[in-house]
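These protein sequence lines are chains A, B, C, D, E and F, in that order. Residue 274 in the numbering used here sits at position 274 of the first sequence; the count goes up by one each step and never skips. Residue 217 in the numbering used here sits at position 217 of the second sequence; the count goes up by one each step and never skips. Residue 66 in the numbering used here sits at position 66 of the third sequence; the count goes up by one each step and never skips. Residue 288 in the numbering used here sits at position 288 of the fourth sequence; the count goes up by one each step and never skips. Residue 273 in the numbering used here sits at position 273 of the fifth sequence; the count goes up by one each step and never skips. Residue 198 in the numbering used here sits at position 198 of the sixth sequence; the count goes up by one each step and never skips.
One or more of the hints may lead you astray.
Where chains are identical, the list cannot tell them apart; a pair therefore holds if satisfied intra-copy or between any two copies.
In the SDA-like style, the derived pairs of lysine to any residue whose C-alpha atoms are separated by at most 25 Å in a straight line are [as the list claims (entries may be wrong)]:
1. Lys200 / Ala243
2. Lys14 / Val69
3. Lys177 / Pro78
4. Lys124 / Asp96
5. Lys291 / Gln85
6. Lys124 / Gly163
7. Lys184 / Leu62
8. Lys184 / Glu20
9. Lys177 / Glu92
10. Lys70 / Glu247
11. Lys177 / Ala249
12. Lys192 / Glu68
13. Lys239 / Pro198
14. Lys14 / Trp182
15. Lys200 / Glu240
16. Lys200 / Asp96
17. Lys200 / Glu57
18. Lys177 / Glu57
19. Lys239 / Glu194
20. Lys14 / Lys200
21. Lys200 / Asp128
22. Lys293 / Leu55
Just so you know, the hints here were simulated from the structure itself, not pulled from any lab data. Owing to the predicted nature of the structure, the values given are computational and were not obtained by experimental measurement.
Protein chains: 6
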Amino acid sequence: MRFDEAYSGNVFIKSHPNFEESEAVIYGMPMDWTVSYRPGSRFGPARIREVSIGLEEYSPYLDRELGEVKYFDAGDIPLPFGNAQRSLDLIEEFVDRVLAADKFPLGLGGEHLVSWPVMKAVYKKYPDLAIIHMDAHTDLREHYEGEPLSHATPIRKIAELIGPQNVYSFGIRSGMKEEFEWAKENGMYIAKFEVLEPLKEVLPTLAGRPVYVTIDIDVLDPAHAPGTGTVDAGGITSKELLAAIHEIARSDVRVVGADLVEVAPIYDHSEQTANTASKLIREMILGWVQKRK
Amino acid sequence: MRFDEAYSGNVFIKSHPNFEESEAVIYGMPMDWTVSYRPGSRFGPARIREVSIGLEEYSPYLDRELGEVKYFDAGDIPLPFGNAQRSLDLIEEFVDRVLAADKFPLGLGGEHLVSWPVMKAVYKKYPDLAIIHMDAHTDLREHYEGEPLSHATPIRKIAELIGPQNVYSFGIRSGMKEEFEWAKENGMYIAKFEVLEPLKEVLPTLAGRPVYVTIDIDVLDPAHAPGTGTVDAGGITSKELLAAIHEIARSDVRVVGADLVEVAPIYDHSEQTANTASKLIREMILGWVQKRK
Amino acid sequence: MRFDEAYSGNVFIKSHPNFEESEAVIYGMPMDWTVSYRPGSRFGPARIREVSIGLEEYSPYLDRELGEVKYFDAGDIPLPFGNAQRSLDLIEEFVDRVLAADKFPLGLGGEHLVSWPVMKAVYKKYPDLAIIHMDAHTDLREHYEGEPLSHATPIRKIAELIGPQNVYSFGIRSGMKEEFEWAKENGMYIAKFEVLEPLKEVLPTLAGRPVYVTIDIDVLDPAHAPGTGTVDAGGITSKELLAAIHEIARSDVRVVGADLVEVAPIYDHSEQTANTASKLIREMILGWVQKRK
Amino acid sequence: MRFDEAYSGNVFIKSHPNFEESEAVIYGMPMDWTVSYRPGSRFGPARIREVSIGLEEYSPYLDRELGEVKYFDAGDIPLPFGNAQRSLDLIEEFVDRVLAADKFPLGLGGEHLVSWPVMKAVYKKYPDLAIIHMDAHTDLREHYEGEPLSHATPIRKIAELIGPQNVYSFGIRSGMKEEFEWAKENGMYIAKFEVLEPLKEVLPTLAGRPVYVTIDIDVLDPAHAPGTGTVDAGGITSKELLAAIHEIARSDVRVVGADLVEVAPIYDHSEQTANTASKLIREMILGWVQKRK
Amino acid sequence: MRFDEAYSGNVFIKSHPNFEESEAVIYGMPMDWTVSYRPGSRFGPARIREVSIGLEEYSPYLDRELGEVKYFDAGDIPLPFGNAQRSLDLIEEFVDRVLAADKFPLGLGGEHLVSWPVMKAVYKKYPDLAIIHMDAHTDLREHYEGEPLSHATPIRKIAELIGPQNVYSFGIRSGMKEEFEWAKENGMYIAKFEVLEPLKEVLPTLAGRPVYVTIDIDVLDPAHAPGTGTVDAGGITSKELLAAIHEIARSDVRVVGADLVEVAPIYDHSEQTANTASKLIREMILGWVQKRK
Amino acid sequence: MRFDEAYSGNVFIKSHPNFEESEAVIYGMPMDWTVSYRPGSRFGPARIREVSIGLEEYSPYLDRELGEVKYFDAGDIPLPFGNAQRSLDLIEEFVDRVLAADKFPLGLGGEHLVSWPVMKAVYKKYPDLAIIHMDAHTDLREHYEGEPLSHATPIRKIAELIGPQNVYSFGIRSGMKEEFEWAKENGMYIAKFEVLEPLKEVLPTLAGRPVYVTIDIDVLDPAHAPGTGTVDAGGITSKELLAAIHEIARSDVRVVGADLVEVAPIYDHSEQTANTASKLIREMILGWVQKRK
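Produce the complete structure using the sequences and hints provided.
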């Protein structure tokens, strides 16, 4: 992790060398210690950066180039292996600094629990925050086998903090019955199975509001994202996820921060998952960063 | 394999410990010795069970939980490696016992030939049986390079036994010209390339009839099921296959047994195929088991 | 490589043993030395042939069998490793001989640069040639980091030779801004993201014209073709690509040659990419070879 | 985890169904959340059991069969993902019960930190305990980047508890300078690079003493154990490790417990590491269990 | 399979195009249907040939070149999938023809059971035959779970046919107690664990006798041959196996045939096993073929 | 590539941020376009750096730490894909600058041909240069299928430049007969198969002389280095290669530069090859850099 000091890791393609001059900050949250199934997303941020060299800088979807946006890559936040609470504290502290400098936080996971301290920090700055959440899983558990700090709980935590009616989940196809019932009873929006069509309906209702977008790569079908901890059939295509990103870019919401989590490279021999993630990040930079104003 | 005795292998998530009290019986048929291309489906049943621990018990598609159905996992039927005839006899004998106890047989393959003795046993109990067959391949050969016991022949065998007009194939995109011609000449139904739409047309015509459903995982496109012996482009998505299972669940047919075959884990580094198979099995349990009455 | 002499490599299923009697000639161009990202497509042709033994000879899409077309498999053209210019010269020389014998050239890559000398040779025979190009990438660069002989340049080269208005690209989702602008300014057709629908519009305008079709396997989504050098999310399905091949087969264009490039087996553990490629080749043989007259 | 209750996971080949009647207890410690490099050893115990079905029951090295020893497989201890301290407490509690019942604890890791609570429990029972430690790494850190509960610290912890002069490390080829110096200054035995020859010298000095043996699979060269978190060149062969196990079996020490840790299956496509581990466990059962008396 | 007819598969490097003029015949036996553990050796022969193009023709061990020996590659014997008895009959029949033409049979497996009909055929021609057997496993079972035709039985069968005192096994490190006892009681030679040193002792006693050598690739340690069905730790290195081949080449025995079996490519991502096998075949050709006279 | 400018790629662990102040310079030569078999070594340098974060800084072999040596990591030299001659010119030019600044060049390949311009540059500075070459292959060809710039030729080129009697090859186990004969006739030293023992004999004869050491990772057995283009059985262990590096470190030769080439990560799923390479580089830094004086 760095702000101004020298740094020796690899960075996302075309990132700007100076923190102060940048509009957005990319940072990795290499944590995977609370996952209940397959670990490995700690290596997601580094691999996404590494394969970004294969990207074109130009997006034919948005007709913009990476050179049009200044973003700084801060590297990975150094997290204490196996200590969930301290890791979350360090992440929150880091994002506080990014927001204090009025920059767009663009986080790379790591397991989904890392989004919890980020969203908490963003909420401190934007009290009328709404969350757009794309995922295969509800992530609405109170705890997982007794542990309140678990990759299955981040959306529950943020929903309880900012009010469930301000959280919008899309593409959900897995969860406990109790989670779906809790959402229903508490007025939280869940679009099961689909992303693009329900998103088109929701976006106009959020016009003008600050929105944080958290994307779990497993909202994609395993065919499109085999490199993740929990693969779950019946997901959307990468074409649909790209379209969803562009739909948000063309909408009237103010995107004030975003993350992409759960890329676990070891399960994907072809590296298509990391490559797809790096393309999604490019589209998020080109489509969302200027929208926070 | 077990009925009541102690068992030391792994079992499908939430399976019931007692055979007698269960409505359905899961069993593996770890045979792959007649396949003409890539072997390895003998390890399919064990891997499907192993990854089932990653499944949620609740289906947001059907709004039901695994706890609502009692199913017993009998483990794998021990089959003599390389002896096709004896293997088939042992499978038939096992399924006879399951049916005699009036339980729903839910088989895991193994190569597709294992479905032949199962369907034969089911037909003995249900003489007005119809077969719903989802597959990339016709499997209508009389023999394969001289061998009548081959993974390329099971649908021909059952069609000859129960009458070709009682067999409905969906999603077929590969076969010899002679196989398609035989089907046509003998009044057997084949929906080429597609599953869901033709299924919606066929199901009403089978209302009230006992139906056995046999699914070769390669009906899925290789993108969705790389872990199988014969990958063949142009298949359906896992979303479409899930929808097909739910369509049957909501129809008026009586599902009296089912199988899912040809999962070969070694060809799928990400294990998405086994994970998808375990999800399909969950949906089959929740959607079909109560339908045999 | 062979014309009449004895050959000891493997060949595409059902290929005809005699060059003179054949209508079409399959040949490999095992070159990958100018690729900027992941090499390995030199092994594409051999692997496509190897897995072709798993293919059925019959196409249920076209209702034709491989036995109905005579095609000779000439093996791989021996190319000097690391010498791009000499490799291209050898390819052009080979294709000149194929065309002089009035046979349909059906090439297997290898990186996309190999299509450049092929198209040049075809153009010499058919001065009113049009190119149908399916790809994720524009391939319209003048040079790549100073090298004019690069896998990123073949379409630019052929466009400059035969006129940009005679080149039709489909499925493009990646390129530099300058490449898209060059195409626009020079009247070259580019269908972004989609293949089938724009193809249906273009084909009637090419009725009666000689057409060469060059397919980069990465026009497919990485889910359908993980085994390639540059994976890029948001592509089409194998079902759609098959439909595009059949659309051309049913159109009034005269297909006078074709290639399929960029299959790099090492990145695809399940070998679905090579299997898909071999099925595509079968459909190209059955659908296109007779169309050159 | 189980003592007497019904259990539905897979077990090590030929394990005895009854806890009370058994001499030894196999148990898994599926924890990998403090590792600093590659996680995945949580799946080690399950995979070692799974592949044990490929083992012969007879050891031609020791001329004994598994049927001659009664050992119970208790399954994996359920550990709270991401909570290191509670995990260690649960392990210690479990081993306390095993020792209270006077059985030989034979543990499967998981990361090496799991050995710490086991050794602590064994020390409570055997105050004159010595430790034989085979590993590529010293594991003598006080903390790892501030975390005292880390996979890099277990040997330091046990050395401080029982006295460094009672700990014997073999095969060490990696560590910080400070770790080697600490060992030297505190009279702890370290055999660098080699295992068998120094072991032959040490064993007679431990005659009659209770000894706990902890083996990190990475004491093997990566060629022999690629499936582990931290691969480090220059290790010993599996032949040498087998010989070391047999040397202990033939010595006069009293082995009172043992573990084998750090098998991480995902990094080993051939599964040789898990297969080797299951063979090592067989030899440990046949060679060591009876030696605790 | 071919004798004189045209052939379209790949062949071992530098093989001679004419059967009649050749001294030796390479042939594949692509059978794996009786294996009890991991199948896949049916693809061994094809892959060994494929990677042989990477071999140098010259052996610096023997100072000979492949051009000095004429050997014909007959391709794979077409075997009926899943029919063990017919497969063995076809193999025996093929080898009978090779021997009738007075050529050296050099077979590629396939599972080890394929060696049984080969050795039977060789014995018919050489009644004073001795067998040199290098393997991790005894392969001395009478049957495997009731099946007499099993990959665990070929050495028992040949020992019973030619007399156990004429069979010499090396490198054995796995088997049932009964198998070792049977060997001992019947005067069959077994060198446990080691190959080279015991071989040096045995060879002089076989001087002048016709010897058939059967090598199971799993005699190598899994580090050196991960691509095989049953990996078993504690084996020899490839350097030692090469030395054993050369020791035989320099001895006074008459090698009258040989095979190399159990290469299963799918388990070895690096393809080192197939590459090693192709090198071993080269050394066998250069060292043994001329020794049958 | 960088000298003083900002750099955004990853670097070898503990490298010094300043070129001027460093004693040694690490640089990558990501070229693989002339290889005749499997490409992919272009990614070797980047992967070696990436996994270096898993290394300890201390060597228990040499009792030194990385902090004791200042070395700068210049990143990869940007090479024009597919243009061998220009690539070699750029490498030579880069090494000229390193040598002009009186620093130790420590190169990472890339295919072995990259060593040729490096050795040429070193020779210009040290006219009494000797070469120590560890490799499975002679690399003494004049050309490869007509191409003089080939990965099979670098040792021939340097031998012709500095005189064959000044080149010492170790571990050689593959090559054409003509290559071995050329070496013999021209007085070049070749130690077949072995490294350590012959090295011990040669080193004293080179006392005081400037020596460049070039190591092809395939001198290791495939068991120890599966991730390389050409795997060849019968090599040495990583333990032996480490010992050879230490033997040179303790000798009286003046090591004036070195390289490690042919690491091709894609063929090694466990990444043991890259990890081993990074350890070898550490030992080369600690053992050799100070020896150039």
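- Go through the copies and call it for Lys184 and Glu20: within, between, both or neither, with a Cα cutoff of 25 Å. neither (43 Å within a copy, 38 Å between copies)
- Task: Have a look at Lys291 and Gln85 and pick one of within, between, both or neither, based on CA distance no larger than 25 Å.
- Result: neither (32 Å within a copy, 44 Å between copies)
- How would you classify Lys177 and Pro78 at a CA-CA limit of 25 Å: within, between, both, or neither? between (36 Å within a copy, 23 Å between copies)
- 25 Å Cα cut-off: does Lys177 pair with Ala249 within a copy, between copies, both or neither? between (33 Å within a copy, 20 Å between copies)
- Task: Go through the copies and call it for Lys192 and Glu68: within, between, both or neither, with a Cα cutoff of 25 Å.
- Result: between (36 Å within a copy, 22 Å between copies)
- Alpha-carbon proximity between Lys239 and Glu194, which holds within one copy, between copies, both or neither at 25 Å: both (13 Å within a copy, 11 Å between copies)
- Query: 25 Å Cα cut-off: does Lys200 pair with Asp128 within a copy, between copies, both or neither?
  - Reply: Within one copy only: 21 Å inside, 46 Å across.
- Message: As a check of your reading, is Lys14 near Trp182 (CA-CA no more than 25 Å) within one copy, between copies, both or neither?
- Response: between (43 Å within a copy, 23 Å between copies)
- Within, between, both or neither, where Lys70 and Glu247 count as close if Cα-Cα is 25 Å or less: Within. Shortest intra-copy distance 22 Å satisfies the 25 Å Cα cut-off; inter-copy 45 Å does not.
- Message: One pair to classify: Lys239 and Pro198, alpha carbons no more than 25 Å apart. Within, between, both, or neither?
- Response: both (16 Å within a copy, 17 Å between copies)
- Message: Regarding Lys200 and Glu240, is the shortest C-alpha distance of 25 Å or less found within a copy, between copies, in both, or in neither?
- Response: both (12 Å within a copy, 23 Å between copies)
- Query: How would you classify Lys177 and Glu92 at a CA-CA limit of 25 Å: within, between, both, or neither?
  - Reply: neither (31 Å within a copy, 35 Å between copies)
Consistency note: the structure conflicts with the earlier hints numbered 5, 8, 9, 16, 17, 20, 22.
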